[in-house]
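Taken in order, these protein sequences are the chains called A and B.
Position one of the first sequence corresponds to residue 0 (numbering that gives the first Met the number 0), numbered consecutively onward.
Position one of the second sequence corresponds to residue 0 (numbering that gives the first Met the number 0), numbered consecutively onward.
Each statement offered as a hint is correct.
Label pairs and their in silico Cβ distance ranges: (1) A:64 with B:61: 39 to 47 Å; (2) B:62 with A:22: 50 to 58 Å; (3) A:105 with B:23: 32 to 40 Å; (4) B:27 with A:72: 14 to 22 Å; (5) B:27 with A:13: 37 to 45 Å; (6) A:68 with B:10: 28 to 36 Å; (7) A:64 with B:114: 36 to 44 Å; (8) A:55 with B:23: 15 to 23 Å; (9) A:52 with B:24: 18 to 26 Å.
Sample of chain B residues lacking proximity to chain A, with all beta carbon distances greater than 10 Å (derived): (10) 4; (11) 67; (12) 76; (13) 85; (14) 87; (15) 108.
No wet-lab data here; the hints were simulated from the structure.
C-beta: ideal position from N, C-alpha, C; glycine also.
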Amino acid sequence: MKAYFGRRYTLSASHRLHAAALSDEQNRAVYGKCNNPHGHGHNYAVEVLVGGPVMAETGMAMNLVDVDRAVHASILDRFDHANLNLDPLFAAQVPTTENFCKAVYELLKEALPAGVLEQVRVEETENNFFEYRGV
Amino acid sequence: MIFLTRRATFSAAHYYWNDAWTPEENARVFGRCANRNGHGHNYTLEVTVAGDPDPVTGFVVDLKWLKDVIEREVLDAWDHRHLNLETEDFRHAVPTTENIAIAAWSRLKPAIEAAGGASLNRVRVYETPEIFAEFRGEA
Chain A
0 MKAYFGRRYT LSASHRLHAA ALSDEQNRAV YGKCNNPHGH GHNYAVEVLV
50 GGPVMAETGM AMNLVDVDRA VHASILDRFD HANLNLDPLF AAQVPTTENF
100 CKAVYELLKE ALPAGVLEQV RVEETENNFF EYRGV
Chain B
0 MIFLTRRATF SAAHYYWNDA WTPEENARVF GRCANRNGHG HNYTLEVTVA
50 GDPDPVTGFV VDLKWLKDVI EREVLDAWDH RHLNLETEDF RHAVPTTENI
100 AIAAWSRLKP AIEAAGGASL NRVRVYETPE IFAEFRGEA
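Only chain A is shown next, with the shape it has when bound in the complex (with noise of 0.2 Å):
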């Protein structure tokens, strides 16, 4: 039977909201106080969601230790503590929390067993949230 199992992260970065394509001002029109040349930053929290068939032996879709490896190796370990602005991900794309959604989906799809993960939720504040199932 297949079952999914959820397990959430947190970490804490700083990112500015500008795209280079617009002028100054329309920069801070669009992005507002987000567009602060200094930047600014968030815990995020990170929910990341695998699904497959529950092993008879284990009982488990996957192992919480697997999970949490490819999950540091490739994601805390690398944006925790960090200024996204200044990863090569985001020198041409703005790092938005849909952005850094899609970008933390696609880093975890090569870090885990092919085909397990279902869905990635990027937490910026209490307030918002973002979803990405690679589609």
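Please arrange chain B on chain A, whose structure you already have, making use of the hints.
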């Protein structure tokens, strides 16, 4: 179609162990969860049912009824129990969060669907605020 979710909490003890394995193998796969003295969690159960609102009452299901079903079918059996030692559900299955979600589904589905209103859509079980599993009735 409306999806309606009712949350309930229960506290239970468990450990992870596969009798077919050596103690070393159990420790390697299950880590601290393999401690045979057991440990416990405050579980949160989220039960989601799906259906259309009744034209008269406006309810998909009566939430009080759903609360009672969850208490009768799940909490009465598991709350303040040792899942390995005191429940039939985990006599042959490791009480992982995945298997708890599947067992809760099996307990709830007949009672919810016998009422003829909504269908059971999803069961999610939080073992801690950071760890959860979900079952949607898929094969």
